[in-house]
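Novice: Two independent chains are provided; combine them into the complex using the hints.
Each chain, letter by letter, is given below.
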Amino acid sequence: MALLEVKGVTKQFGGLTAVNNVDMEVQEGQIVGIIGPNGAGKTTLFSCIAGSHVPTKGSIKFNGTEIAGKRPYDICKLGVTRTFQVVKPFANKTVLYNTTVGAFAKTNRLDVAEEKAMEVLKLIDLYDKKDVPAKNLTLPERKRLELARALATEPKLLLLDEVMAGLRPSEVAEMLPVIRKINSVGVSIVIVEHIMQAIMNLSEQVYVINFGKKIAEGDPHKVVAEEEVIKAYLGDEYVANSH
Amino acid sequence: MKFLSNVPTTHKVFAALVLAVLYALPLFVTSPVMLQIFILIFFYAYLTSSWNFVGGFAGVLPLGHSAFVGLGAYTSTLLYLTYNISPWIGMIAGGIVAAAFGLLIGLPTLKLRGAYFALATIAFAEGLRVLVENIEKLGSFEVRGPKGLLINLVGNSFRDFQFLSKVPYYYIILTMLVLVLILTFFMMRSKVGYYLAAGGEEPEAAEALGIKVSKYKLIAMAISCFLTALGGTFYAQLVLYFYPKSIMGLDMSYEIAFIALIGGRSTILGPVLGAFLLRPVGELTRIYLGDTLPGLHLIIFGLVLIIVMRYQPRGLVEPVSKWLTAIFDRIENRRRA
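Just so you know, the sequences run in chain order B and P.
Its first residue numbered 4, the first sequence is counted upward by one per residue in our numbering.
Its first residue numbered 47, the second sequence is counted upward by one per residue in our numbering.
Some hints could be false.
Simulated restraints, written as ranges between beta carbons of each label pair [said to hold, decoys possible]: (1) P:Ile353 / B:Leu19: 46 to 52 Å; (2) B:Lys10 / P:Ile352: 30 to 36 Å; (3) B:Val115 / P:Lys58: 23 to 29 Å; (4) P:Leu73 / B:Arg74: 52 to 58 Å; (5) P:Leu370 / B:Tyr130: 29 to 35 Å; (6) P:Leu153 / B:Gly17: 40 to 46 Å; (7) P:Asn130 / B:Glu69: 56 to 62 Å; (8) B:Pro172 / P:Arg235: 39 to 45 Å; (9) B:Leu179 / P:Pro365: 26 to 32 Å; (10) P:Ile352 / B:Lys138: 20 to 26 Å; (11) B:Lys138 / P:Leu63: 31 to 37 Å.
It should be emphasised that the hints constitute simulated quantities derived from the structure, not laboratory data.
Think of the CB as a built atom: it goes at the ideal place given N, C-alpha and C, for glycine as much as any other residue.
Extracted from the complex, chain P is given alone in its bound form (with noise of 0.2 Å):
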């Protein structure tokens, strides 16, 4: 395979044994809870890889991203409880959805810089938010505002991609995100992507050089939207009870940023560093001060960016990464030796 052959073979043997590892993870793990905890590990490293199409490649900081998770799990729920269609359906339904407002919002606000446009988005997820907990039938479609869906059990279903075990969810999201990590490698080896990088960092010169930067801006926009929502739809079906502020809430959107910024934007492994470093943390507080102290993970998260930011302002996968490095260049070495 071509666009392989400039990565190095310890880095393609280790992400085989990476692959291998996690998806032999369930004949080993048993117990639920460990299986939810890497569920949920997952689930936000797929989110921040969505998010990273609009908030790494294309250089602004959206922190409204709960709204097209909310988007998606609305989408597929309303359409499985009214006119009983797969959620597999739903799912590319809620995509569809959420890239169109996702096109909507971004034509205006792309054009902001900096602040100005996460503040856009804050405004435009908890506009919607408060638009869905006042909206109890929209046509033939029961929304129940602030009281939320509930999806009835059905038992062991894939048409309604319902599960007793936690081991198929776990499956699932596991490979979305290994799906949404393969693309984002090829967007970054393609045009959109040198575009995006360009049109992120200086975008007077970037236009310069032909680009016109707004169009690449809504492009990603448009992807980065539509993947979010499938995860939002993925999410519905594994709790199956969600209300508004469960599932577009703020503190979502900021964990996904938290884990971006942390992890590193704007690389492939970046997202997956930050949740398997924060979403532990978020789970433990939850389970064990979750009554005490609710909300204590955003203000670990605060702190740990803090300090990330003072000393690895480019997050925490630039040092890893050339730790690992060291370490396979050791091993190519030995091997060459």
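Just chain B, with the same shape it has in the complex (with noise of 0.2 Å):
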């Protein structure tokens, strides 16, 4: 069986579909990636797996039991955990505060609390930062912030919106690490993100969703060469030349 099983999900804002019958599946222990242009639908559809959004349409299964429509906070309660596109960091708290607070899903004892955040903050390599407020970070830092937070909670299923975006290069290539670092410890990783470089990198599945429907789907480097992809990255010309 697999850890998450998508099917059929359809999401509709009054007239404008922005999820359209998107089936896609997640094993146990896989990075798999979501990609697609602008305006695609990837975080929609990502809001209606974390319990952001209710899906109009279709069943989400996480390790067997039907999540959509549920509560995000019941959803975490589950096991899995999203992160935010805009880092939403508890800005005057610290980093070390932040990480309690997500390590708390898991006990009602501050000191136990405490030392899982001071855990994930290692594996993070953010915890020389423990005592600075989440403020005070650099983007990189809030965004790895963000991560350690999610991954506080002992999610099964981490789901990452675009820890990337905004990143210089080299700073994409730090945080690639990172992210096979949370893998590695036994969480599986859904992945949506701009940069290819870092899509190519980590994930052995792909999905990819144009106008709210998925297009293609398999390895990525096989995926990027399909001609739907293509059309829909750099438009039909592209394609009609390369022929």
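Specialist: In structure tokens form, the structure reads like this:
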């Protein structure tokens, strides 16, 4: 059984269909990428899985449990945690405080939660900043804090929404091993990303979405060679010329 | 004690010293007027600390907390006058009534953000006041509408929560204040405290981390209203006569919010600092200008608030604690040297 099973998910906002009948699967231990041009519906699909949106149609099963329409905090309790594209740290609180909030998902005791948080901060390479208020962090550090906080909830599946957007290439290069490290401790990952270098590097399986529809899926290196995908990214003309 | 392990020694010594001075104060200050001023400072510090659970830590701005002061005072006093139940028991009953009302209005309104929640709480408080003013009798309880309630004097009696001297009132409210501050201290270091802070600042992110924000806000609201109502009973027993406008008027709600904002919300000592700064101003203007310019203290508070928000948006407790910490560090260093 797949860890995450998305079947026929559709999300409409009034007359606009942002996600149209998308199927998707994540196996345990996998890193799965979702790519597509701006406005393709990646984040909407993502929000449906995380519970921020209720899908208009379709089913989303996590570990066999239907989660479509459940609230984010219930989905988190089941083991699915998301990060946000626009980072939302608790700005006046320290890095450790931020991460401890996440760790409270699995315990009621402050000392246990803080210990878990410090463990996560070490894994993410943010431990030396643990006493810095979140508002004083640089963007790459904030993105990592977003990761740390989500990871502290001990998810089985982590949903990463453009954790590398806005980073410089060198910073992206630093982020990749962090994500791989998270995966290696047994967390499956779905990653929405614009940066192709990152997706190609990380994921075993990608889904390409355009105008809310899935237009391709499979091995990332094969998928990017497909005509539909090139068209979606570069326009019809480019395909015509390349023949 | 493990939970105090990361509080520096100088802080502990300072806190113990302040407490010792405050508990010894009635031995030196015998003037009832002075004691009354201190009692009201502690009373407002207590109310604001109770308010802080929802107004500070849950990140919303309730502006109708006088309603819960009133509910506490009316519940305990009506139980006392009708069934001769000791106000100490009535106090707890008042707290429960207020917590129930708090949950009732919190349920639909705590989802509102910013000014909308503030407006909803003002509307509730004013609505309740007008309602009480129009009730003469509620079952077997004589509510007496706008005429208010008079508690007959029985002299010194702990059971009846009445004392001829100000000193017992001084100790009762000081102890209530210390207890609520200790509760605040523990709350801030608990899951509830972390979850409230997270939900107040970034509700969407908090929900993604497994926090049912609305549930924790309701918990905060219930605690806050319960504690506020206990203050109401204390006030009723202190003044022995009150009416809807005097005990559930909006100026009390506003004063609580002023004290919190000027002192510093979501801190332990902000409400205490705010009350020590503002209450004497309120008391002095009332004594000297009460007849000619009633309400002047609220105008002064407003001006102070504008200045504080401009220069210290998180309240005066921040610069004051920085300044104190600097002094403590110097003492600590000298001690080590």
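Novice: The structure should be examined with respect to each hint, and the outcome stated for every one.
Specialist: Hints versus structure:
{"no.": "1", "hint": "P:Ile353 / B:Leu19: 46 to 52 Å", "in the structure": "holds, 49 Å"}
{"no.": "2", "hint": "B:Lys10 / P:Ile352: 30 to 36 Å", "in the structure": "violated, 57 Å"}
{"no.": "3", "hint": "B:Val115 / P:Lys58: 23 to 29 Å", "in the structure": "holds, 25 Å"}
{"no.": "4", "hint": "P:Leu73 / B:Arg74: 52 to 58 Å", "in the structure": "holds, 57 Å"}
{"no.": "5", "hint": "P:Leu370 / B:Tyr130: 29 to 35 Å", "in the structure": "holds, 30 Å"}
{"no.": "6", "hint": "P:Leu153 / B:Gly17: 40 to 46 Å", "in the structure": "violated, 29 Å"}
{"no.": "7", "hint": "P:Asn130 / B:Glu69: 56 to 62 Å", "in the structure": "holds, 58 Å"}
{"no.": "8", "hint": "B:Pro172 / P:Arg235: 39 to 45 Å", "in the structure": "holds, 42 Å"}
{"no.": "9", "hint": "B:Leu179 / P:Pro365: 26 to 32 Å", "in the structure": "violated, 44 Å"}
{"no.": "10", "hint": "P:Ile352 / B:Lys138: 20 to 26 Å", "in the structure": "holds, 25 Å"}
{"no.": "11", "hint": "B:Lys138 / P:Leu63: 31 to 37 Å", "in the structure": "holds, 34 Å"}
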